[in-house]
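Asker: Line by line, the protein sequences are chains S, B, C and E.
According to UniProt numbering, the first sequence is numbered sequentially starting from 1.
According to UniProt numbering, the second sequence is numbered sequentially starting from 1.
According to UniProt numbering, the third sequence is numbered sequentially starting from 1.
According to UniProt numbering, the fourth sequence is numbered sequentially starting from 1.
Any given hint could be a false lead.
[Unchecked claim] Residues of chain E clear of chain B, computed beta-carbon distances all greater than 10 Å:
no.	residue
1	E200
2	A335
3	N395
4	K403
[Stated by the list, open to error] Computed cross-link-like contacts, SDA-like style, restricted to lysine to any residue with a CA-CA straight-line distance of at most 20 Å:
no.	chain 1	residue 1	chain 2	residue 2
5	B	K339	E	K146
6	E	K372	C	E269
7	C	K403	E	R152
8	E	K146	B	D222
9	S	K27	S	E72
10	S	K351	B	H373
11	E	K232	S	G407
12	C	K403	E	K146
13	B	K403	C	K258
14	S	K351	B	D384
15	B	K403	S	Q114
16	E	K339	S	G407
17	C	K372	E	F183
18	S	K366	C	E365
19	C	K403	B	H373
20	E	K233	S	G407
21	B	K403	C	E365
22	S	K366	C	G47
23	C	K372	E	H290
Derived by calculation from the structure, the hints in this document are not laboratory data.
Note that the Cβ used here is the ideal one computed from N, Cα and C, for glycine as well.
Number of protein chains: 4
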Amino acid sequence: MPSAPTRDIKKVVLAYSGGLDTSVILKWLQETYRCEVVTFTADLGQGEELEPARKKAEMLGIKEIFIEDLREEFCRDFVFPMFRANALYEGQYLLGTSIARPLIAKRQIEIAKQTGADAVAHGATGKGNDQVRFELSYYALNPDIKVIAPWREWSLTSRTTLIEYAEKHQIPVAKDKRGEAPFSVDANLLHSSSEGKVLEDPWVEPEEMVYQRTISPEEAPDQATVIEIGFKKGDPVSIDGEALSPAALLTKLNALGKANGIGRLDLVENRFVGMKSRGVYETPGGTILHAAHRGIESITLDRGAAHLKDEIMPRYAELIYNGFWFAPEREMLQALIDKSQEHVEGTVRVKLYKGNATVIGRKSEKSLYSLKHVTFEDDAGAYDQRDAAGFIKLNALRLRLLKRGRG
Amino acid sequence: MPSAPTRDIKKVVLAYSGGLDTSVILKWLQETYRCEVVTFTADLGQGEELEPARKKAEMLGIKEIFIEDLREEFCRDFVFPMFRANALYEGQYLLGTSIARPLIAKRQIEIAKQTGADAVAHGATGKGNDQVRFELSYYALNPDIKVIAPWREWSLTSRTTLIEYAEKHQIPVAKDKRGEAPFSVDANLLHSSSEGKVLEDPWVEPEEMVYQRTISPEEAPDQATVIEIGFKKGDPVSIDGEALSPAALLTKLNALGKANGIGRLDLVENRFVGMKSRGVYETPGGTILHAAHRGIESITLDRGAAHLKDEIMPRYAELIYNGFWFAPEREMLQALIDKSQEHVEGTVRVKLYKGNATVIGRKSEKSLYSLKHVTFEDDAGAYDQRDAAGFIKLNALRLRLLKRGRG
Amino acid sequence: MPSAPTRDIKKVVLAYSGGLDTSVILKWLQETYRCEVVTFTADLGQGEELEPARKKAEMLGIKEIFIEDLREEFCRDFVFPMFRANALYEGQYLLGTSIARPLIAKRQIEIAKQTGADAVAHGATGKGNDQVRFELSYYALNPDIKVIAPWREWSLTSRTTLIEYAEKHQIPVAKDKRGEAPFSVDANLLHSSSEGKVLEDPWVEPEEMVYQRTISPEEAPDQATVIEIGFKKGDPVSIDGEALSPAALLTKLNALGKANGIGRLDLVENRFVGMKSRGVYETPGGTILHAAHRGIESITLDRGAAHLKDEIMPRYAELIYNGFWFAPEREMLQALIDKSQEHVEGTVRVKLYKGNATVIGRKSEKSLYSLKHVTFEDDAGAYDQRDAAGFIKLNALRLRLLKRGRG
Amino acid sequence: MPSAPTRDIKKVVLAYSGGLDTSVILKWLQETYRCEVVTFTADLGQGEELEPARKKAEMLGIKEIFIEDLREEFCRDFVFPMFRANALYEGQYLLGTSIARPLIAKRQIEIAKQTGADAVAHGATGKGNDQVRFELSYYALNPDIKVIAPWREWSLTSRTTLIEYAEKHQIPVAKDKRGEAPFSVDANLLHSSSEGKVLEDPWVEPEEMVYQRTISPEEAPDQATVIEIGFKKGDPVSIDGEALSPAALLTKLNALGKANGIGRLDLVENRFVGMKSRGVYETPGGTILHAAHRGIESITLDRGAAHLKDEIMPRYAELIYNGFWFAPEREMLQALIDKSQEHVEGTVRVKLYKGNATVIGRKSEKSLYSLKHVTFEDDAGAYDQRDAAGFIKLNALRLRLLKRGRG
């Protein structure tokens, strides 16, 4: 029987997927806290139908059901700003799960205000990063909100007890959910992540069945696909000349990436809560976008701007990974990054081939690449090679004085 | 007729490849400075015979000829320390040219001391980074050395005048050097770089003939190759269980990379002297090594250590790119990096397939990955999920106070 | 006789102080380049009459004379933005000279455009930082401008030849300028700096006569002065409740600092051009402002924001010191800093006493200081001490796993 | 009646001061956990007799009593390494409390091993930083140690209940401890800190009675004191030519600082646990040492080294403040810092006067200050001013290209 530190809760907004786990949570909230439950289900591009979630919520007696398509907002206000930074956590991870949590949390808080709820709840476990990302966002947006994290409170800690609880409360359990899933999945328009169970030994290669959103490089076509991505102010705006909304553009890149076996990552990473974990990520469109964005920056961003961005990037990525999207330091870094993107515009040609997304061309009306400065040919006075002598001499001066002083 | 600010030079150590350009420089030094010339030719794995350089130097009247195989020193003391840092310039470039210059400069200074020379000379142009890398290293190691950079001094600025000068001075000119090369190449055991001429338009994809050291992903085998790389103290020490010297190991990785189309990079980068340039790099073994090193770090490096390394990496890479290998700040960063590598040991399994070098397994006796902390299964008390509540609450406290203060 | 690499110059805008050196430069420009000279003299609060400069320029035949009071712009758009960052070069220097150069350069470029001039000139020497600051600003604002730096070009390298040149050309030489000044001075509303000659031995304490803008702590009153400084958006706006314009406020702080012996600094610093130099700085008002700004930030800035600012500050200060005010990376950092200052408002009480500027009180309607969270008293549930246990446990987790892994 | 989550504890090593609070803790541990208690009392220079602590522990029935003079180890292995970094938390705080905790924790863990104890305990509250510093150190050094933090566990949360408990258990309560102290104090050889109660309003100036270790600037002598501090490898080794051990040297600097009103700081700071707090710190000797260390570095440290140190300092200070002394990233930063200090040696002259510690002279056989490079006089060719032209031109190149590209 579930037990919990019963606090006084009137109404709670639950991040509700319609799946078994959050349905059990829904019931458990009703039973344990004896409070009203508002469900919030968002389409972030996870690729699932949302209407079944509505039906299930209704069946469980929910009166206030929020179902929203947030794909455009997700891309425009979360994914794209992050890609302006070329953000990679631990040098590799494109932060697909991390970036979705703040948006869900933000809508929960807004719905709580709208519906007069005094609490919010999520279905993340007590060992992962997502609980932190949800709750830091909740508190940052409403410092007085009450937060319920059932996985940290209840006693349904095994699959068996969870299913028993579901059956006891007439929550339908799909046949394929009865047994243990071989791994756990999170998905949205930016990526799919898989972890746990069969993936827990980092010496063992993930089986092909783990991958959901990409075909393998081996299965990809023998012929390369070449595309052109247009950028404005650091954001992608078109593919092969066709203007696309943020979500439409990412959707198209995902299809292209999937078809060419692009965007798989098998990673052991460091969680904010202190342990290492192994995840398998698939970010087909994001992987292409990351390469293309670096490509357009390479001709439109000044060196000083580019290097400063590279230096602050790991910190920025860490903040997002750790759940500090709504923290002032993330916003300050975003101001710095956005300032740099004003003239990041033009077109990048990318070749997609069996796992590789290779930039093979870039052009821009704002290009800072100057052929006459770099050419091996006579440059008609654009650059005086003798300047280099003075440049080197003064850069060397401190090193020479150092060597003299030290002998 | 060449002209130069004639300083008083007795003897100069020239970095001599035996090619046309440095042979002309040799002659020009003799003629312009009327000084003795010592030649220094190093095998850094560029893949050229060195004996012809000796013959040519003898033919040009040189008495003191130094020819040395520096491949092991290059890998052990320059390439491997740099790879401990996961160094990437501008997020992508593995610094293959940059890392070779300090070693050549160091040996020139040592030979100058040994032979009583008062000057050193190199064949780098006045527009590039290499002049800076050579000369900062010279000055850092001998603040009183005189430096001659013929390309910044002489009037042989076109191919035609250069060849006329060569013919006038009985310097043999190979037939294929009479015309303009379609691009210029630098090579060593770590990489080949190509730039200039046909590569100068960054919108145009490099032709296949530009690549020298890798086959294309398209040409690579349809079957993946899987290898295991062993590490000790952050350096690779074996492949598939076979212990190898640094240079032998990198040579083998190069062969594996080449065969699988791995390590090509088409990049617009920012030079230290201020302009952008486009380079094509091939770093087959280095690309595999970079991935594998991140792989072994992922299970053996603590999060705090790993993130600190990531944050200082761009600065470290910039220092090497800009030629500050022998600067105290590079040495300080190296001390920090080396401190972190004491326990970076174990084995990484890498899959090589058509341009992809993918880590698919890592294991170590020093692994910090703890299955019982991360597992979804009941963890027998290894981790108390309720701790997460307090962790989040206190991480959130400042954000809550902020929101309250700001309303 | 002066010599110079004569380039084709039509008209040059000279940063003209009216003193001996820039008058000689004026004449030398006319004579050497046979070009028209436009003089620009700015009041940045250096404390000198400007009308004599006009008379002298007229006497030397100048037709276009610009004399401008830039004190408000200087404080508002340069000094205050820099103080928002708590900028200190090498941990100590408040950048009083560095911050003035970009403004002078900017006006010179604007005047060049207005008057159709194709060149600008300054009176800074070839060994210092100011030449770099002027010229980087010139080039950043007009990449095609021609720059004349007479001290790097001419042969008037000793005091004697300079005075001979002046006398030969009927430039009046004040009696006290005939001998060598015992040190050289730069001044503006933010500070005075002194360097050279009697200050060149860093082991010898500067004599009292070096100081121009402050009395010594020993001479300052035995009674402390207490003031209250009001802030809005990170900038000071009032003293003791009286609203003041930026320049009026800094002027008043200068008087208060001077009277209390505040703001002296005797420093050996590292110049951008590569050598160390010793300077004596007096920044009376700025020293008070720096302390007060940290004071108001201490209660209104979130920890994450404050620490990020502290981490990027040395880079920001270095950029200003090196002359990169108009570089994109400085502007990006400024965007980050300004973002943090939106709520930095309130009042700081500062005690001024014999060299000390001590913050003894701070209050703000936007204060983030929460008595009920910090109090030793029972806090009525504001803070649950048990949260700390979880917080520590998860912060410790990686350290524990590390120790276990390493033994 | 005290209650606690009773875990199974056999023997605990308590950080024991001999004061009322830790005596109550001692008793409470015996009563609650029914375990043996080992006391550990360290002389870190807090200025209290230690023998009374022994007597009191004996009286409370303790068999294993450890009393140790750790002043030299504290200075040599903790304070001095930290001062090599010029560490300041939030730009101002010299970290006097923070740096003492790791040493106490380290000895507790060592004593636990020696005595076969399975737990450690400390007397820090649940709201402060010290609990974190103690416990992170404990766990880093022994991941399996059990930690007891009575203030987070028991019910003695008011002064009254604490004293009742003491009286009930025959713990002597000094008369002056019966009432509430007007503020709380921590002290060691580096500093005293005061906080709480009368200091809780950050708008109110601390009363004079708060200060324990310094006289006020107003009370200090009207005559300045000038001293010379000798350095070797970045550490102070002598005062006025007299070689002194680390603790003896810091003791002497403390006396000098105290007498001249030096080292007071009234600060609102950000705690690691998330709230702001107001502290009053007195660090007389440390304040002098900090200034002197910057002074010796100013002539012996290369610019690249100095600026890198400045950039990483805030992070280093934050790590110490937050309790991560034994974390790998602190050790990596220490390796970087120590690498820079190899040649930081020489003598600094400091003037002490009414709150000011002013560097007025520095000299070193390893000085990098080069008079002939910096002098205004003719420098006999040491420096070619024309080099500056090329230096500036190439530093400006990217800015010019940027302006051209942007128009």
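Asker: Hint by hint, say whether it matches the structure.
Answerer: Here's how the hints hold up against the structure:
Every beta carbon of chain B lies more than 10 Å from that of E200/E, the smallest distance being close to 16 Å; the non-interface claim holds. With a minimum CB-CB distance of about 4 Å to chain B, A335/E fails to clear the 10 Å threshold, and the non-interface call is violated. At roughly 7 Å from the closest C-beta of chain B, the C-beta of N395/E falls inside 10 Å, breaking its exclusion from the interface. Every Cβ of chain B is farther than 10 Å from the Cβ of K403/E; the closest lies at roughly 13 Å, confirming the non-interface assignment.
For the hint linking K339/B to K146/E, the alpha-carbon distance of about 30 Å lies beyond 20 Å, and the restraint is violated. The straight-line distance between the Cα atoms of K372/E and E269/C is roughly 16 Å, inside the 20 Å bound, and the hint therefore holds. A threshold of 20 Å between alpha carbons decides the hint, and for K403/C with R152/E the separation of about 26 Å lies outside it, so the pair is violated. With a C-alpha separation of about 56 Å, the suggested pairing of K146/E with D222/B is violated against the 20 Å cut-off.
A threshold of 20 Å between alpha carbons decides the hint, and for K27/S with E72/S the separation of about 31 Å lies outside it, so the pair is violated. For the given pair, K351/S sits about 41 Å from H373/B by alpha-carbon distance, which is inconsistent with the 20 Å threshold. Straight-line distance between C-alpha atoms of K232/E and G407/S comes to about 18 Å, which keeps the hinted pair within the 20 Å bound. Between the alpha carbons of K403/C and K146/E the distance comes to roughly 15 Å, so the proposed pair stays at or under 20 Å and holds.
Note on K403/B and K258/C: the hinted pairing is violated, with a Cα-Cα distance of about 41 Å set against a maximum of 20 Å. This hinted pair does not check out: K351/S and D384/B have alpha carbons roughly 48 Å apart, beyond 20 Å. A distance of roughly 19 Å separates the Cα atoms of K403/B and Q114/S; the hinted pair therefore holds under the 20 Å criterion. With a C-alpha separation of about 17 Å, the suggested pair K339/E and G407/S falls inside the 20 Å cut-off, and the hint holds.
At most 20 Å may separate the alpha-carbon atoms for a hinted pair to count; K372/C and F183/E meet this at roughly 16 Å. A hinted pair counts as satisfied when its Cα atoms are at most 20 Å apart, and K366/S with E365/C does not qualify at roughly 45 Å. Simply put, K403/C and H373/B have alpha-carbon atoms about 15 Å apart, close enough for the 20 Å limit, and the pair holds. Of the pairs offered as hints, the one joining K233/E and G407/S holds, with about 17 Å between alpha carbons and a cut-off of 20 Å not exceeded.
Distance check on the hinted pair: K403/B and E365/C sit about 13 Å apart at the alpha-carbon level, within 20 Å; holds. Distance check on the hinted pair: K366/S and G47/C sit about 44 Å apart at the alpha-carbon level, beyond 20 Å; violated. The suggested pairing of K372/C with H290/E is violated, with an alpha-carbon distance near 35 Å, which exceeds 20 Å.
Hints 2, 3, 5, 7, 8, 9, 10, 13, 14, 18, 22 and 23, counting from the list given before, are not met by this structure.
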